[in-house]
Each structure stands twice: as structure tokens, then as C-alpha cells.
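> Read top to bottom, the protein sequences are chains A and B.
So the first sequence is numbered by this note's numbering: it starts at 6 and just counts up by one.
So the second sequence is numbered by this note's numbering: it starts at 446 and just counts up by one.
In case anyone wonders, no lab produced these hints; they're calculated from the structure.
Everything hinted at is true.
Simulated coverage check for chain A against chain B, where a stretch passes if three residues somewhere in it have a Cβ under 8 Å from a Cβ of chain B: (1) 381-388; (2) 392-404.
The calculated label-pair distances, taken between Cβ atoms and stated as ranges, are: (3) B/Arg550 with A/Glu86: 40 to 48 Å; (4) B/Arg537 with A/Gly175: 46 to 54 Å; (5) A/Arg445 with B/Gly530: 25 to 33 Å; (6) A/Ala442 with B/Glu534: 37 to 45 Å; (7) A/Gly367 with B/Pro472: 51 to 59 Å; (8) B/Arg537 with A/Gly199: 57 to 65 Å; (9) B/Ala512 with A/Gly199: 35 to 43 Å.
Pulled from the structure, derived: some chain A residues nowhere near chain B, Cβ distances all over 10 Å: (10) Leu28; (11) Leu83; (12) Leu131; (13) Gln135; (14) Ala171; (15) Gly175; (16) Ala225; (17) Arg229; (18) Lys250; (19) Glu299; (20) Ala351; (21) Ala366; (22) Leu434.
Note that the Cβ used here is the ideal one computed from N, Cα and C, for glycine as well.
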Amino acid sequence: MAVVTTPTTLERALPAMDNAEVLRIRNDFPVLDQLVNGRPLVYLDSGATSQNPLSVIEAEQEFYEQRNAAVHRGAHHLAVEATEVFEDARQTVADFVGADYAEIVWTSNATEGLNLISYALSNAGLWAAQGRGDARLRELGLGPGDEIVVTEMEHHANLIPWQELAYRTGAVLRYIPVDDSGKLHLDQAAEIVGERTRLLAFTHASNVLGTINPVAELVAIARRAGALVVLDACQSAPHLSLNVKQLDVDFAVFSGHKMLGPTGIGVLYGKQELLDVLPPYQTGGSMITTVTMERAEYLAAPQRFEAGTQKISQAVALAAAVNYLTETGLDRVHRWESELGQRMVAGLEAIDGIRVLGPAAGQDRIGLAAFDVAGVHAHDVGQFLDARGIAVRVGHHCAQPLHRRLGLTATTRASAYLYNTTDDVDEFLDAVSGVRAYFRA
Amino acid sequence: MSLDQLYQQIILDHSKARHGSGLAETPAPEGASTGQSHQLNPVCGDEVTLRVAVNHGTVAQLAWDGAGCSISMASASVLSEMAEGMSVEELRSVIESFREVLRSRGKVHADPEVLGDAAAFEGVARYAARVKCAMISWVAAEDALNQAA
Numbered sequence: 006m007a008v009v010t011t012p013t014t015l016e017r018a019l020p021a022m023d024n025a026e027v028l029r030i031r032n033d034f035p036v037l038d039q040l041v042n043g044r045p046l047v048y049l050d051s052g053a054t055s056q057n058p059l060s061v062i063e064a065e066q067e068f069y070e071q072r073n074a075a076v077h078r079g080a081h082h083l084a085v086e087a088t089e090v091f092e093d094a095r096q097t098v099a100d101f102v103g104a105d106y107a108e109i110v111w112t113s114n115a116t117e118g119l120n121l122i123s124y125a126l127s128n129a130g131l132w133a134a135q136g137r138g139d140a141r142l143r144e145l146g147l148g149p150g151d152e153i154v155v156t157e158m159e160h161h162a163n164l165i166p167w168q169e170l171a172y173r174t175g176a177v178l179r180y181i182p183v184d185d186s187g188k189l190h191l192d193q194a195a196e197i198v199g200e201r202t203r204l205l206a207f208t209h210a211s212n213v214l215g216t217i218n219p220v221a222e223l224v225a226i227a228r229r230a231g232a233l234v235v236l237d238a239c240q241s242a243p244h245l246s247l248n249v250k251q252l253d254v255d256f257a258v259f260s261g262h263k264m265l266g267p268t269g270i271g272v273l274y275g276k277q278e279l280l281d282v283l284p285p286y287q288t289g290g291s292m293i294t295t296v297t298m299e300r301a302e303y304l305a306a307p308q309r310f311e312a313g314t315q316k317i318s319q320a321v322a323l324a325a326a327v328n329y330l331t332e333t334g335l336d337r338v339h340r341w342e343s344e345l346g347q348r349m350v351a352g353l354e355a356i357d358g359i360r361v362l363g364p365a366a367g368q369d370r371i372g373l374a375a376f377d378v379a380g381v382h383a384h385d386v387g388q389f390l391d392a393r394g395i396a397v398r399v400g401h402h403c404a405q406p407l408h409r410r411l412g413l414t415a416t417t418r419a420s421a422y423l424y425n426t427t428d429d430v431d432e433f434l435d436a437v438s439g440v441r442a443y444f445r446a
Numbered sequence: 446m447s448l449d450q451l452y453q454q455i456i457l458d459h460s461k462a463r464h465g466s467g468l469a470e471t472p473a474p475e476g477a478s479t480g481q482s483h484q485l486n487p488v489c490g491d492e493v494t495l496r497v498a499v500n501h502g503t504v505a506q507l508a509w510d511g512a513g514c515s516i517s518m519a520s521a522s523v524l525s526e527m528a529e530g531m532s533v534e535e536l537r538s539v540i541e542s543f544r545e546v547l548r549s550r551g552k553v554h555a556d557p558e559v560l561g562d563a564a565a566f567e568g569v570a571r572y573a574a575r576v577k578c579a580m581i582s583w584v585a586a587e588d589a590l591n592q593a594a
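Starting from the given sequences, assemble the full structure and let the hints guide the process.
Next comes the structure, spelled out in C-alpha cells:
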């Protein structure tokens, strides 16, 4: 029997996104309606942080105006209401990525999620060595002779926590290299990930190259080796339909502020059977069952990983962001952004002296493009564009090893979202075409 | 403020001229006392390695290697051109004046009598993100002077 899973019935009923719809969407984003240096703002830095629709801003305000209280404690009316909306938000996010409710842990950002996994795994080794906790912890801890594998295109947040995990445990860190076109060397991946590999961590979509990595193939390679899989979904969760169960990853992380939500909140997905046995990373209030002066027993996941007062208003606002994305339809958003990404790359490639990183025009990429301008430093490019009201990111984008691999120290990156029109891209391309002349490169 | 006020002609010229650039090709004068400093801006990867040679209390040479934006390269070039021939005390005092202007967010105006071509960087003070670009070689020079003295 044929089972149609995507696009959803609702999405099939909706036409593809176009500029007219984007202009309506923009009305929901007050920050976009302003002049910068006398020009209408063209915001092409959503890969760094996205803007918030009114529904998100209002959700946070409404929480503070009507429901603000500590969650999971106190029997009063507001405490009950706050707990309800906080936990409803968890369900909303779980549904959004195809996870179960208890598999979603709130973190302050994706970086904290990755550090949480890294420390929970080294704590697993410490606990197992002392006979503490579940027997399965003996298989989760790492030690000398074990290997952790990442890729050469990782954001520092999905590299350094693993360097430090290797340092703490005596394991060795290895990486899958990228080729000149910005794709992973999959043939080498199958050799690098072997019987010593305990964990494979990689990004779903590169924040520099725009490459979408073949998750299924990498997961298959990891499974053959019996390794855990950690997926950095920061650049994918906001832009395409994500189903963590279908992808069969063990952990996934993403950030609220890159998906129309507020800063200060991120999400960690972990398979129930892993979260249930892993030791906590931070300890304190709200995550315990019994505490004596000598020791403590911990709650089950997700509370076990949520020590201290939580990011309540942020969780509620993030749920509003998820609803905004779901109502627009992520498959539609993804197609629109792919179009913008292709338009960027094709336009950039046509400008003399521009080198676009990652896949060439016509090949799959998310809606961003990082590039080098011959003879002009990225900071100068960014300043030139800013004078025309165009916001882009300049620097190494927290991916120094990748830049070094490509022979660069800094690049300029334009990244689009559902509120960008093709005019935004054309405006940006027109400005870039004047950069080299201005700096006499 | 317009882009042209930030990227003044002097800055664009110096970013190409790179006066004093090339440590290996510019050996320090014999008998001079030298100090060297490496500075890195982790935000953008701008990098400067700068060497000062001091002879009887006078800056005999200021040479550097670097990679970075036009502001950082031009500022190293201007500094190198200005510094040579100054007394160590003079250079320290000019560095202090430059820092005061750059950190003032546009409130302190540059005195061309004191800062010469470096007065052209006054506009950078209004761009908080670029102040470090303009300062990097001056910070390196200060550090290098401490070692040479």
C-alpha cells in the first residue's frame, strides 16, 4: 500500500509561495519595516538570527501580562497556568519535529544542547566506573581507544564540545573531510567511521556552504559501526520539515532564535531510552526526587536535564513561532528559500571576482550563500552593503577549520528566510556588483 | 554618516600602499633594539605582526606583516609612515591620542596637528564594530615598544 507522507494534505492545497505572499508575511514582522542608512532594510542575516513575527512577540508579552509564575511548583492558579502553557509548548515542539513529548529538553541554545550531550556522556563513564546508575551506562561512557567523529564543515559549537569530550575521556577525535565543492567525502566517511567510533556528530545543513548533508547515508554508516548519531539541526529545523524519528538520529539540537523565536531558548531532542539513563549535566532545583545532605536522586527526562528555573516565556514564544511556521507550511518555505538561494548563487557567480563557497548554481542548497570577493576583505564588503541598508554576516561564521580548508579567513554570507523577496536578493546582488570598484580591487 | 566619510581617500590609498609591510624583506637596522608583537582579532581573523626598531630613543623603523580589512591594513600603513623618526615618547603619546579618538564613539575629534594622516580614521570611531580594525596595529606597536625599550 502506498503511503503518502509529504506534502501534507493542507500543503498540497496551498499554492507555492510567491513575492505577493512574502509581502503579506512581512507585515507580521515589525522590525523589517524600517530604514537603515536611509534605505529600506534588506535583512539577509537570518542564518545568524531570524526576526520575530508579532504573534511571537505577543505570546511572550501575554505570558508576562497574564500567566507569569514558576513552573512545576506551587499550587496556585498562576503556577498551574504557567506550567500548562510551558508543557504545551514542549508538545508543540515535539510534534514539529516528530518526537515524543518527553524526548524534548529545553536548553538555552543549541550550543548548550551539544554541551549537555557531551557532558552527559562523560558523566556516564564516571557513573559506570563507580557502579552508579543504569547498567546501560557502561556502554555509553567513552574511554581510550574510542573514537568520536565529526565533519570538517562543523560550526564550532558542534566541534569544540567533542574536542573536550575526547580530552576528558581519552577518546580520539576524527573528522570526515569536505571536498572542494563543499560536499562531505562519503567514501572516506565509511572508512573513518569504524568499530572504534562511539559517536558521529554532523550538521544537517552547513551554515557556510549551504550544503544539505545526506543524513540517511551518514546514519547508516554510523549504525553499521554501532555509533550514536548527533544531528546539528540549527540550519535545517527552521527551514525544512524535519522528522527526527524518520531520520533515526539519537540526538538533535536547534535554536529558537533562528526559527522566528526568541533568544535564550534552544531544543535538544534525545531518544527516550538514552535520555532515561544518561546522567544529568547540570544539577540543582527542579530536577530531583529525593535529596539528603549526602546525595540526590534525579527525575526522569526531560526534567532531569532542566535544572533551575526554566526559560518559560521563551518556550511559550517558541511554540508561537512553531505555529507560525507550521501554518505557513515548511515544505513551501523550503521551496521558496531554495529558489532564493539559487537566485543568489547564480547572481553571485555572474559577478567578476566573486567565489561562492559550496554547491554551484543548480545544485541543492538551503537559502544562503557565503562568498569571497577578490581583493576585498569581508568586513569591507559588509560595511559597503550596510551603507545600502543590506544586513549580511561577515567573518568566519564560527567555522574556522572550514575556512582554513578553503584557503580563506573570512567571508560574507547572505541568508534568506520566509520574509525575503526576490527583490531583496536582486538588491543584494546589485550592491555586491559595486564592491570591487569601490575598493579598487 | 556616509560610506565615503568612513572610507576616506587616505584610507583607501594606504590600504593599497601598505607602507612598512613585509617583515622578512625589511631587516631591522643593525644595532637597534627591537620588539615584536602579534595581534589577532578573533571576530574577523584580522592579524598583524609588527616590529619596532629603536635606536637611541628614536623609532628607526616600524615594519609589519598582516592580513585584514582595508581599515586595519591602512591603519598599519599610516602608523608605519608616521612612526619612523619619532622619539619613543612621542610615539607613545600619539598612540594614546589615537586610542582616545577611536574609543570616543565620535565625541572626540582628531587633531591633524597631532595625528597627521591618522586623523582620517576619526570616522571609524562611529562604527563600534570597526574600532578594533583601526586599533590592531597600534596595540601591536605599543606592545612592541614595551619589549624594545
